[in-house]
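Asks: Modelling step: build the complete structure from the supplied sequences, incorporating the hints.
Chains as they are written, first to last, in the numbering used here: chain A, 1 to 225; chain B, 226 to 668.
Please note that the accuracy of each hint is not assured.
[To be verified] Lysine-lysine pairs mimicking BS3-like chemistry, simulated, CA-CA at most 25 Å apart:
(1) A/74 x B/566
(2) A/140 x B/243
(3) B/389 x B/367
(4) A/124 x B/389
(5) B/658 x A/74
(6) A/6 x A/74
(7) B/367 x A/140
(8) A/71 x B/567
(9) B/337 x B/400
(10) A/74 x B/567
(11) B/362 x B/341
(12) B/416 x B/362
(13) A/74 x B/337
(14) A/33 x A/71
(15) B/478 x A/71
(16) A/127 x A/74
(17) B/390 x B/337
(18) B/341 x B/389
Hints in this document: simulated from the structure, not taken from any laboratory.
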Amino acid sequence: METIIKLTGINKVYRTEEIETQALENVNIDVQKGEFLSVMGPSGCGKSTLLNIMGLLDEPTSGEIELCGTKIDKNLSDERLAEFRNRTLGFVFQSFHLISSLNVIDNVQLPLMYRGVGYSERIKRAKEVIERVGLSHRMKHTPVQLSGGQCQRVAIARAIIGNPEIILADEPTGNLDSKMGADILGLLKQLNEEDGRTIVMVTHNEQQALQTKRIIKFLDGRQIM
Amino acid sequence: MKVLIYIRQALAMMKEDKQFSAIYIAGTAVAIASAMVVALVLHIRMGNIYPEVNRDRTIYVGSNFTRSDGEYIGYSGYSPQAVEEMFSKLECAEVVSAVMNNEYIYRFTACKEVGKQEVQVTTKFTDPNFFRLYEFKFLEGKPYNEENLKNADRCVVITDALAKKLQAGSGLVGKTIQLNYLPYRVVGIVKEVSPLLRETSADIYMPYTVEDSRAHWYVENVTYAGGLEVRVLLKKGYTREMLMDELESYRPKYLSMLKSTTGEDWNWYIQVRPHWRKTLNFFGEEVNDASMTDLLANLSMPALLMLLLLLLPAINLSGMVSNQMEARVAEMGIRKAFGAKKRVLLNEVIQENLVLTLCGGVAGYLLSWLFITAVRNSTLFLSMFGREYDPVNSVSLQLDMFFTPTLFLIAFVCCAVLNLMAALIPAWTSLKKPIVESLNQKK
Numbered sequence: 001m002e003t004i005i006k007l008t009g010i011n012k013v014y015r016t017e018e019i020e021t022q023a024l025e026n027v028n029i030d031v032q033k034g035e036f037l038s039v040m041g042p043s044g045c046g047k048s049t050l051l052n053i054m055g056l057l058d059e060p061t062s063g064e065i066e067l068c069g070t071k072i073d074k075n076l077s078d079e080r081l082a083e084f085r086n087r088t089l090g091f092v093f094q095s096f097h098l099i100s101s102l103n104v105i106d107n108v109q110l111p112l113m114y115r116g117v118g119y120s121e122r123i124k125r126a127k128e129v130i131e132r133v134g135l136s137h138r139m140k141h142t143p144v145q146l147s148g149g150q151c152q153r154v155a156i157a158r159a160i161i162g163n164p165e166i167i168l169a170d171e172p173t174g175n176l177d178s179k180m181g182a183d184i185l186g187l188l189k190q191l192n193e194e195d196g197r198t199i200v201m202v203t204h205n206e207q208q209a210l211q212t213k214r215i216i217k218f219l220d221g222r223q224i225m
Numbered sequence: 226m227k228v229l230i231y232i233r234q235a236l237a238m239m240k241e242d243k244q245f246s247a248i249y250i251a252g253t254a255v256a257i258a259s260a261m262v263v264a265l266v267l268h269i270r271m272g273n274i275y276p277e278v279n280r281d282r283t284i285y286v287g288s289n290f291t292r293s294d295g296e297y298i299g300y301s302g303y304s305p306q307a308v309e310e311m312f313s314k315l316e317c318a319e320v321v322s323a324v325m326n327n328e329y330i331y332r333f334t335a336c337k338e339v340g341k342q343e344v345q346v347t348t349k350f351t352d353p354n355f356f357r358l359y360e361f362k363f364l365e366g367k368p369y370n371e372e373n374l375k376n377a378d379r380c381v382v383i384t385d386a387l388a389k390k391l392q393a394g395s396g397l398v399g400k401t402i403q404l405n406y407l408p409y410r411v412v413g414i415v416k417e418v419s420p421l422l423r424e425t426s427a428d429i430y431m432p433y434t435v436e437d438s439r440a441h442w443y444v445e446n447v448t449y450a451g452g453l454e455v456r457v458l459l460k461k462g463y464t465r466e467m468l469m470d471e472l473e474s475y476r477p478k479y480l481s482m483l484k485s486t487t488g489e490d491w492n493w494y495i496q497v498r499p500h501w502r503k504t505l506n507f508f509g510e511e512v513n514d515a516s517m518t519d520l521l522a523n524l525s526m527p528a529l530l531m532l533l534l535l536l537l538p539a540i541n542l543s544g545m546v547s548n549q550m551e552a553r554v555a556e557m558g559i560r561k562a563f564g565a566k567k568r569v570l571l572n573e574v575i576q577e578n579l580v581l582t583l584c585g586g587v588a589g590y591l592l593s594w595l596f597i598t599a600v601r602n603s604t605l606f607l608s609m610f611g612r613e614y615d616p617v618n619s620v621s622l623q624l625d626m627f628f629t630p631t632l633f634l635i636a637f638v639c640c641a642v643l644n645l646m647a648a649l650i651p652a653w654t655s656l657k658k659p660i661v662e663s664l665n666q667k668k
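Replies: Take a look at the structure:
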């Protein structure tokens, strides 16, 4: 098995003038290629912080990150990090994080735009992934015209359009009812099983976590299982 | 095609936040309008405008003379004899025209027939080449010719506006009108020239040999001196310096003539001014200094004024953009999460903002036009063009004074500069926030 995400000795400390909060403490995680991993734990235990660090959205206070065989150097420039995120990672957020002033197709093609892919190719691929998530009839709609489940489908389409190796999903069903939640989880499972994408999902929902290949649990910034 | 997305997003944002957009566009419009008023005044003074469509190749030649001890005596133009001798065979000239100096313009009274309604008119005394050097549009008839000039025929070219005032309708060519109660034959009718174009505008044009002209005034029996200003249209590829070199060869002859008639030594100073030098001289340099450096130095003054006029509103607009960027922090976080680089985002924000600024720019452009149209008869405005308030005649304006590619370009540059000043700092400040912080920021 090939290790695609390797976190070694990760610590994250948030400091203000008055207090110091240890969000993550000596976290060591290996994620294998093609794995579907659930991260569970109560609110404030550091799950999202872990996902942000994995996704290079946040920096650890100390520790090492290795993604797809590349060691992420602390001195890596913002530009190189942006490029790495664009090619390797796809994100699905609890609150969808779609851009309200863009329609579905423009939201979805965003990662390819920042990769410098030409317009016609972007549109072609955007249409393909939108079709895959079952929203062909909503391409010109803006996020406010869509339901929560549809928004999350758009977010998934955006996460996979760049064909990233890793998808990081931060409570992707947290804002959806159970039916829509199951629907979205089904879609993620499909991406994992059919495309072999590695998925790390933060969730509160034990039923959903049980449907993934591996579960790790966090408490007070430490991995307990 | 990315631009289309920026435009779509900018339009969507305009719909989303109508109040911000309206205030931003209005602020931009006022800023652009004030800068464009400066540009418009400059364009009317310097640009290629009907019938002075070759201003960039037109040179005005006059002369000064001083005693050998440096005492300034005065300005003189040229006599018809000097025009013939010095200017008729110039290698670098496409057309040479002699016009009675503007300073001697005086008014006539015109009427169709004695006893009919009289109107005050301005007159220009010219040679026939005047109508070749400047591209007048003849609606009827044609210019007077060399024969008319030689014979001092009382024939005139009048403007369509005057023809209308005289209630003559069409068919006036070949008939006579009364000027100061003397009959003059109309040989042509041209499209009116705005009074703001000092070198060409008049109601009536007639040969400078007509006896009412002062073209023959001479200075102390020096036959080279007279009341004519010479205007040269350079051939393409020739320069003002080449013209100066050609004219220099006449200096010895002219100076010896001065000495023989006055018994004194003189300095003769040939004024060779390109059109722009007649209208732009912030630093009071020697008139014969008209290099490109000099032009740029002179243009830097109005450019600085325009920049100042843009700067103050830009500070206010920058505050507005800053607030708007606060509302877009989460969006910037999303874009960065999906691989947008800071400089790309900065470029995006500036381009999106440019859509708004351009909307304001178009409004500002039209506003500046309305403003100039409204103040065109005011003393202050007319003084910028060496004109005086005329209680009878309203100043006419031409469309090519306002809508030209150069002015569009200037307006666009103003918009781009204003946009940069207003959006760059707020956008950059907003983009510096860490991604996680941006993503967690509520709208």
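Asks: Next step is simple, just say for each hint if it's right about the structure.
Replies: For each hint, the structure was consulted:
no., hint, result
1, A/74 x B/566, "holds, 17 Å"
2, A/140 x B/243, "holds, 22 Å"
3, B/389 x B/367, "holds, 18 Å"
4, A/124 x B/389, "violated, 65 Å"
5, B/658 x A/74, "holds, 18 Å"
6, A/6 x A/74, "holds, 15 Å"
7, B/367 x A/140, "violated, 63 Å"
8, A/71 x B/567, "holds, 23 Å"
9, B/337 x B/400, "holds, 9 Å"
10, A/74 x B/567, "holds, 18 Å"
11, B/362 x B/341, "violated, 28 Å"
12, B/416 x B/362, "holds, 6 Å"
13, A/74 x B/337, "violated, 91 Å"
14, A/33 x A/71, "holds, 16 Å"
15, B/478 x A/71, "violated, 88 Å"
16, A/127 x A/74, "violated, 37 Å"
17, B/390 x B/337, "holds, 10 Å"
18, B/341 x B/389, "holds, 14 Å"
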